[in-house]
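Chemist: In case you want the letters, here they are:
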Amino acid sequence: MKLYNQIVLASALALACVMTIASGQAHEITFGNLVIHHPWSRQSPMAADVAVGFMTITNNSKEDDRLVKVTSEISTTVQIHDMKMVGDVMKMEELPDGVIIPAGATVKLKPRALHIMFMGLKRQVVEGEEFSGSLTFEKAGTVTVDYEVAAPGGDMSDME
Amino acid sequence: MKHVRMIAAAAVSVALALGAVAWIGADLLRDKTSSSVFDIGGPFVLASARGGTVDSKTLAGQSYAVFFGFTHCPEVCPTTLYEMSNNLVSLGDAAEDFRVFFITVDPARDTLAVMKDYVSNFDPRIEALVPTDDQLKQLASEFRVYYARVPTSDGGYTMDHTATTFLFDRNGSFTGTLSYDEAAETKQAKLRKLLGR
Ligand SMILES: [Cu+2]
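Each protein sequence line maps, in turn, to chains A and B. With the numbering used here, letter number 58 in the first sequence gets 58, and the count goes up by one each step, no holes. The numbering used here runs 160 ahead of the 1-based position in the second sequence.
Treat the hints with care, as some may be off.
[As the list claims (entries may be wrong)] List of simulated lysine to any residue pairs, SDA-like, C-alpha gap at most 25 Å: (1) Lys122/A <-> Ala140/A; (2) Lys110/A <-> Ser245/B; (3) Lys84/A <-> Leu219/B; (4) Lys108/A <-> Glu342/B; (5) Lys122/A <-> Arg304/B; (6) Lys91/A <-> Ala140/A; (7) Lys108/A <-> Arg304/B; (8) Lys84/A <-> Asp320/B.
Derived by calculation from the structure, the hints in this document are not laboratory data.
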């Protein structure tokens, strides 16, 4: 009986462990020679018309590729933007030609830098939820990804 | 010989005196440069998303902060407003009558109704103000704030803008800024100092 109890307890602990890891774990999509690591977004303020998306993209092929188009289920428009602080001024611009993912290199989309911009939100992006979208690369083609939504002002860059 | 020594001594004193004057002068100039930042801001009467207007003249006795942004802002504006909300809560009673004004640099899209919904996400001490185009121009020059439309491929636009929060004490005097790049603790320390004035 004692052994049985121990097994039950151990199993419960193990299961709890697995579940904790699963819910807080970074996700990764391998797509041909590309690895897309942990796409994430942030809760958007209620009534806001925009939200952001971030991820890390590694190109393991010997040829450059380019992220040219992004779509999402949560917005009518999606653009690829670059943002930077110039002194005290926030500057943001669209990259109409997309982002080059050089051969053998990793490109990080992260706060205060390159990001996906979801515009014309169909609904609020809420912490803890997930939403899906597509990424189209010039050579590798189109892949579907899920974005995990962080708290307002939250940062999952470490998980990328 | 004695004469020469006296002239030399006199020359040294003159040089020292000139040096001192230059030193003090430089100090005064430095003071002048730093005090020129105290010219930031100006009186305003702006439409509030709560209805009516906010007249800066009626703010005597209350310290306040001013931040310029727009609701189509992906990162800087929501982050600044969430951080400010958290700070206001952490500061407790000291911040009870503190006021924060979020002024849009995009009045074309940020109507009073849009701004009202948007600021409802944040601490109720944060109040949204919507200037007219002319008022915005005037404010930008008084606060030395930069803003510009940047067109996007869908026919829309985004805004570049100064991401600084301006702080004013109970006498309405400009006392300093919170910069977007500063650590949250630094911002909170600055607010604590302002509220202690
Ligand atoms: Cu953007």
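Chemist: Would you mind marking each hint as holding or not holding in the structure?
Modeler: Evaluation of the provided hints:
1. Lys122/A <-> Ala140/A: 29 Å, violated
2. Lys110/A <-> Ser245/B: 23 Å, holds
3. Lys84/A <-> Leu219/B: 34 Å, violated
4. Lys108/A <-> Glu342/B: 23 Å, holds
5. Lys122/A <-> Arg304/B: With a Cα-Cα distance of about 36 Å, the restraint between Lys122/A and Arg304/B is violated, given a limit of 25 Å.
6. Lys91/A <-> Ala140/A: At roughly 31 Å apart (the allowed maximum being 25 Å), Ala140/A and Lys91/A break the hint.
7. Lys108/A <-> Arg304/B: 33 Å, violated
8. Lys84/A <-> Asp320/B: 10 Å, holds
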